[in-house]
Amino acid sequence: MRGLRALLWRFAGLFGKRRPDAELTEELEAHLAMNVEDNVRSGMDPIEARRQALVKAGGVAQATELYRDQSRLPLIETLLQDLRYGARLLRKNPGFTSVAILTLALGIGANTAIFSVVNAVMLRPLSYPNADRLVLMNEFAKANGRVNNMSVAWLNYQDWRRQAQSFQYLGVFRFQNLTLTGTEQAERLNGVMASADFFNAFGLQSLLGRALVAKDDNESDAPVAILSERLWRNRFAASPDIINRTITLDGLNYTVVGVMPASMRFPSRLTDVWVPLGPFLRTMPTSRDNHPGLTAVGLLKPNVSVQAARTEMETIAERLGKQFPDTNSTVSVRMVTLYDSIVSNVRSSLLVLLGAVVFVLLIACVNLANMTLARGEARLRELAVRSALGAPRGRLVRQLLTESMLLALIAASLGVAWAWMALKVFVGSQPSSIPRIDLVGIDFPVLGFTLLVSVLVAVLFGLWPALRITSLKAQESIKQSTPTLSRRSGLRPFLVVAEVGLAMVLLVGAVLMIRTFSSLTSVALGFHPEHVVTMRLSLPARNYSKEQWVTFYRNLLTRVHALPGVQAEGVSSLTPLVGGGSESGIHTEPLPKDPRADHGPGCTFGAVSGGYFEAMGIQLVRGRTFTEHDSADSTPVIVVDEAAVRAFWPGQDPIGRRVAFEFRGRDVSDPQPIWREVIGVVRTVRHYDLTTPNSRVQVYVPYAQPPFWYATLPPMTLMLRTATNPESLVNSVRREVASIDPALPVFSVRTMTEYVDGALEQPRMSMAVMVSFGGLALLMAAVGIYGVLSYSVSQRTREIGIRMALGASRANVLRFIMRQGIILSLAGVMLGVLGSLVSMRLIRGLLYGVSTTDAATYLLVPVVLLTVSLAATFIPARRVTRIDPLRALRHE
Amino acid sequence: MGEKKDVWQGTLALMVLKTLETMGPLHGYGIARRIEQISGDSLVVQYGTLYPALLKLEQEGYIAGEWGASENNRRARYYRLTRAGRKQVVKETREWQATTAILARFLSGEEPS
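Listed in order, the protein sequences are those of chains A and B. In case it helps, my numbering puts the first sequence at residues 1 to 892. In case it helps, my numbering puts the second sequence at residues 1001 to 1113.
No wet-lab data here; the hints were simulated from the structure. There's no promise every hint is true.
[Stated by the list, open to error] When the alpha-carbon atoms are kept at most 25 Å apart in a straight line, the in silico BS3-like pairs for lysine-lysine are as follows:
{"hint": "1", "chain 1": "B", "residue 1": "Lys1056", "chain 2": "A", "residue 2": "Lys56"}
{"hint": "2", "chain 1": "A", "residue 1": "Lys215", "chain 2": "A", "residue 2": "Lys301"}
{"hint": "3", "chain 1": "A", "residue 1": "Lys56", "chain 2": "B", "residue 2": "Lys1018"}
{"hint": "4", "chain 1": "B", "residue 1": "Lys1018", "chain 2": "B", "residue 2": "Lys1087"}
No experiment lies behind these values; they were computed from the predicted model shown.
Next up, chain A with everything else stripped away, as it sits in the complex:
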C-alpha cells in the first residue's frame, strides 16, 4: 500500500508540479544558511563557516538530480521525452508518416477484422455450461461403397438410451416447423421438437418458467411449449404473463411453460419455439427402416472422451445390426462434437483468410522496415552526434523503438476504426453461411489481439533497423562526407525479394479464387433462376385429407395463373439448391430378387405439378410433362432426368418404359413395386449445392399421384416465373392463399436468384477478401521496390555522374538501374512460385474447377507482378537519366 501511494505521488509528479525544484532549492538554501549561522556562532569567521558548511552539504546538483529521480518516474519520463521527440519527427516528415501509417493501418485493420470473425466464430466458447462435452449423433448406411447419411431411427434411439453408458443425458430433437394461429396473422415458426434430456444436456437456466422435463416426453392431451427469448419479445411484447398462456400451433393448443434465454441458440439462433415429444409420440415410426429426421444430442459424462463414447456407440450399432439384420446391418453412428458441427464448414476458409492477412501484415512490416532503415540512414549523423555526446546505444535503440511503437499504435487505432467499419458492412450483409456471425464484433479479446499485433509489428519493423543504425559501423561512417551504412545497403534487397514473393503468393491465391468463382457461376444449374420467386406452404394434415390437399393446390395454381405478370407457375416438394424431396432406391424391369438390399443407383424424388418445369426453366428433352389428366385414377407416371436415362437405357428411348421406387409390401420378402411409366425426360438439376454433382438420379411424379412413401403430405413450394420484378407478385399470392384458407401462412419467400447467391456466398466472400488482399500486396510490393531503388539511385548519384562523365550514355545508365530492379523482382517471383506451390495446397478445399497448380495462373501472376515492378523501377531509373554529370560530381 505504501509503495502504491508513493508510486501515485511520483506519477503525479510527471504531470503536476507538486514539489518544484525551486522549492528544494529554497529548502537547501535554508539548510546551508542555518549551518553557516551555527558555524559562525561556534566561532568561525564567515568565509570559513560557509566553506565548511558547503563541504559538509555535498554536491547540490547531484542532490537535485537524486531528488528529481525520487520525485518522478525517470523511466517514464524518458519515454515521454522519446514520444515527444518521435511525434515531432513524424510531424516533420508527413510523407513518410502518412505512407507508413496507412500501410500499417491497412495491415493491422485487416488482421483485426479477420481475427474478430475468427474469434467470434471459432474461439469464443459456446454459451452452454458443458459445451465441450456436448455431442451430436446421426446414423449413416454404407452400401455398395456409397455412404448415405440418415437421421436416427426412433427405435434405435430408444436402444441407445437403454444401452449407452457414456452419457449423462442423451436427448433427441428434430426441426418441426409449426404454424402459429389465433394471432392477427398466421405465422410460420421455426419450431423444434425436443426431449427433456435435450434441455438437460444443454443445461441452460430458463429465463422464465421452466424448460422441458421428463413428464413432457409422455403422450399428453395438454402439450406444453417453450418460447425463445426472441419470439417472446417480438410476438408477445416480453410480457411476463406469458407463462400458462395458451397458443395454437398447427391447430393444436399448447400451454407456454417457459422462455429460454437468448443464449439458447440450438439448433439455431432463429429457433422460435421448442415443443415436447409428447404430441408427436404417436407419429414416431415403429420401423427401424424409417429415419424420421431425428438427431440425438448427448452430454458426455465428465471423464468420458469423445473417442470412447464414439467407440461405444459404434459397438451398440454393430450389436443392433446383428439383432435386426434386415434394417440395421449396414447402419452405423456418426458422432461429432457440437463445436465441430458449428464451425467445421467455415474453419478452412477462415484459416486461409487469417493466413492471407498475416501475409499482408508481413509485407507491410517489410516495407516499413525498409522505410525506417532509409530514414534512419538520413539520421545517422544526428544519432552519431548523440552517441558522441554520451548517449549509450541502448538509449538510442530505445528511442528508435519508441518511434516505431508510436507509429504502430497510431496505425492500430486507425486500423481498428477501419476494421469496425468493414465489419459493420460485413455483418450487416448477414452472410447466412457463417455461423455465429451475429456475435462478431470488436471486443476486448480482439483489441488485445490488435495491441499484441501492433507491438509485434513495431518490434519487427523497428528493432532490426534500430540495431543496424546504431551499430558501431554506422557510427564510424559519420566520418565520411555522406554517411551510409554500406554501399550495397546489406539486406535491403532481400527484403524486397521477400516482399515480391509474399505478394506473389497472395496474388496466386486471389486468381485461383477468381477462377473458382467463375467456374461456380458457370456451373450448369439445369434451371434458370432469373425472375423466379418461390414461397412455401404447409397444409396441416389434421385439416387436409389427401384429396383436399390435391384440390387445394389445383385451386391455388388456377388462381395464381390468372394473376397478371405470371408467365408460368408450379408447385413442388423439392427446390433446386435447397434440397427437400426424398430419397429411395429405384429399379427398372425386371425387378432384382431382393430390391431392398440392392438399392440400384438411388433416386431423389419429388411431387410436382406439370408447370414446375416451365416455371423453373428446366428444359424438357423428350416426351411430355404432367397434365391435369395425370390424376389419382390414371396410370401412375413419372418424369426422369437425363442421368436416369444414362443409367438405365443408354442410347435407347426411355418413353414408355417402367420404373419403380415405391414398394407397397409389408417387408423385404414381399416387395410389391408400384410401377410408373416414363412419360418425359428433363435436364439434370443441381439439387443440393453448386459444387456437389448429384449422386442419385432425379425423378418427378405428379402431385396428384404423390409417392407412396409420403406418410404425411409434404410442405410444397410454389414457384412463379414472372415477366418483371417477381417480388411484386408476392402480396397478390398471399391474398389468393388467404381467400382459400385464411389460417395458412405463406413463408420462406425468396427468389431463386437469392438461393443461387446464397450458394455462392462463401466463395464470393473468399474471392473478395483474397482479391483485395492480393491487390494490397501488389501495391505494397510496388511501393517497396520503388522505395529501395530510388534510395539506391540517390545514394549513387555521384557514381552515376562519374560513369556519365566518362562516357556512359543515358541508355546505358537506364539499363543499369533497370537491371537491378528486374533482378530483384525476378528473384521475388521465383520465391513466390515456390511459396505458392507449397501454400496453395492448403486452400485446395476452397477451390472448384481449377487446380492448385493451374498453369495459366502461374503465368499470369508473374507477368502482372513483373509489369508492376518494372513500372516501379522505371520512375527512379528515369530520374537518373536526368542527372547532370557536373552537378552530380559536386553532389555531396
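Given the coordinates of chain A, work out where chain B should sit on it, guided by the hints.
Leaving out everything else, chain B in the frame of chain A:
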C-alpha cells in the same frame, strides 16, 4: 540511485523517524544535525542522501512537511511524524533490534543455549 545507498537509506529512514519522534517537528538541517550529534559526528548527512530520503518518507506517508518559520525567523520546511509514521517507528525499531541482536550473537560466536 546506486545500491550502496539503499542500505544506508534504510537505516537513515529509521534515524529520521526516531529523530522526529524524539524532537517533534523539525527542519532538514535540524534532522541532519541531530543525527550527526547522536552519532558522535561519525556520520555525515549530505543533501544528496537526506532530501531524497525525506521525500521518499513523505511519499510513503510516514512524515508530512510544511513550510514554517525557524528560530531565526527564516523560512524552512518542517517535517512531522504522521500517525502511520509513529507506528512505523515502533515496527522498524523492533525489527532493527531483532536484526542487531541476531548479528551480535553471530559476531560474538555464542552458541544458542
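We went through each hint and held it up to the structure:
no., hint, in the structure
1, Lys1056(B) <-> Lys56(A), "holds (22 Å)"
2, Lys215(A) <-> Lys301(A), "holds (23 Å)"
3, Lys56(A) <-> Lys1018(B), "holds (22 Å)"
4, Lys1018(B) <-> Lys1087(B), "holds (11 Å)"
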